[in-house]
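Number of protein chains: 2
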Amino acid sequence: MPDYTLYYWPIPFRGHIIRYVLAQAGANWDEPGADALMALKSAPPADQPYPFMAPPLLHDRGADRWLGQMPAIVMYLGRKHGLTGDPDTALRLVCDASDILLEITRHHGEQMWVRAAWDEFSGARLPRWMQLHEALAAGGRFDADTPGLAELTLAALWHTMVDRLPGLRALLSTHAPTVEALADRVAALPRIAEMLVRWDQPDAGYCGGQIEASLRAMLADPD
Amino acid sequence: MPDYTLYYWPIPFRGHIIRYVLAQAGANWDEPGADALMALKSAPPADQPYPFMAPPLLHDRGADRWLGQMPAIVMYLGRKHGLTGDPDTALRLVCDASDILLEITRHHGEQMWVRAAWDEFSGARLPRWMQLHEALAAGGRFDADTPGLAELTLAALWHTMVDRLPGLRALLSTHAPTVEALADRVAALPRIAEMLVRWDQPDAGYCGGQIEASLRAMLADPD
Chain A
120 MPDYTLYYWP
130 IPFRGHIIRY
140 VLAQAGANWD
150 EPGADALMAL
160 KSAPPADQPY
170 PFMAPPLLHD
180 RGADRWLGQM
190 PAIVMYLGRK
200 HGLTGDPDTA
210 LRLVCDASDI
220 LLEITRHHGE
230 QMWVRAAWDE
240 FSGARLPRWM
250 QLHEALAAGG
260 RFDADTPGLA
270 ELTLAALWHT
280 MVDRLPGLRA
290 LLSTHAPTVE
300 ALADRVAALP
310 RIAEMLVRWD
320 QPDAGYCGGQ
330 IEASLRAMLA
340 DPD
Chain B
120 MPDYTLYYWP
130 IPFRGHIIRY
140 VLAQAGANWD
150 EPGADALMAL
160 KSAPPADQPY
170 PFMAPPLLHD
180 RGADRWLGQM
190 PAIVMYLGRK
200 HGLTGDPDTA
210 LRLVCDASDI
220 LLEITRHHGE
230 QMWVRAAWDE
240 FSGARLPRWM
250 QLHEALAAGG
260 RFDADTPGLA
270 ELTLAALWHT
280 MVDRLPGLRA
290 LLSTHAPTVE
300 ALADRVAALP
310 RIAEMLVRWD
320 QPDAGYCGGQ
330 IEASLRAMLA
340 DPD
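Chains as they are written, first to last, in our numbering: chain A, 120 to 342; chain B, 120 to 342.
It should be emphasised that the hints constitute simulated quantities derived from the structure, not laboratory data.
For each residue, glycine too, the CB sits at the ideal point set by N, CA and C.
Straight-line distance between alpha carbons at most 20 Å, and here's what the computed DMTMM-like set of lysine to aspartate or glutamate pairs gives: (1) A:Lys160 to B:Glu253; (2) B:Lys199 to A:Asp207; (3) A:Lys160 to B:Glu239; (4) B:Lys160 to B:Asp149.
The following residues of chain B were derived to be distant from chain A, with all beta-carbon distances above 10 Å: (5) Thr124; (6) Asp149; (7) Asp183; (8) Met231; (9) Asp303; (10) Arg304; (11) Val316; (12) Pro321.
Covered by chain A, per the in silico footprint, the following chain B stretches (three or more residues, Cβ under 8 Å): (13) 156-170; (14) 189-201; (15) 207-215; (16) 223-230; (17) 248-259.
Extracted from the complex, chain A is given alone in its bound form:
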């Protein structure tokens, strides 16, 4: 029996933040398919094993404990596996990551990317997020070799983004070189690198759906 069951879509996106933590913790987990997730998600709240709106959802099988909301899952795992580090910095970064992933998908595809909106986002808001994390990293508080939640979150956010959307790497190099180096090093740690190979699948993409197509269209044609 695996230690955990993670209910999430078969995409990197938000899921990779949890997968990075699980992998670094040396935990093993399974991920049921989208059908199992949809059945849980659409059940009446009183019939759900744990009332939740949207994935990710984590089942700690040993403790028979259910957890919802990505930041709550990550903080739980950090506590349980001794990876928390400074809890306030960790949680702040997890929440930043959540915001950034929401913004880069225009709130899970509520609107599609069009040129003017993308130019504004990639020219101002996204670089600002990068600069903010660079300013946090400039204090030397992060350590790629013994990563806690903060480093794992930064790597799962930024490495995944520029790995899956290579057109954004130059922006990260320009605005957050320290963060870029940190993210690359964490992603190359043995447990993380092994997980990335094991987990990967053809067409896993980045965030999935029409919004990913819309995002790739912006990057494919920079004018």
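Using the hints provided, position chain B relative to the given structure of chain A.
Using the frame of chain A, we list chain B on its own:
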């Protein structure tokens, strides 16, 4: 000198979740005006006292510690003032509240409410959120008389919403009567009630801006 300085807009919305916790903790705090907040928010990241994207921002003056992201602020205060309760349930609810406030403002006014979108939200997604919290409350795990972060968050979310937007109370009564009663009781606790009177100001409204006008237009004309 106050214990804390809270940088936030002069509206209830997200700020009330932090204000409820500060009030119940017996802490005192000041809130500089929007100009002071804008000056901090728009500074280059390296010049900010703490690099952050958007309010709320909290300065713990005694510890000279800065905190960003509402969930991180709330969890910090809970830990410091012995109000955390079950940290996983607390954080999950804080994240839910954050999502709900984002959704009810169409992501801070990125789009305005129009009839079809509002009917869908108020007819399905918002009731679902209410039912989810009702299902959590049905386990009897919440206690309005000795509130921790979970109860304070539920009250700051739902009481503030139906207090400021009375047209939504019937929906809450229908889908989450236990949560409604809990929220009303927490909001009436001496420290919270005193804070609400002291903090309130003419035209504080709910979430402010054009999106509040758009929301009120939907509620004023239910057809």
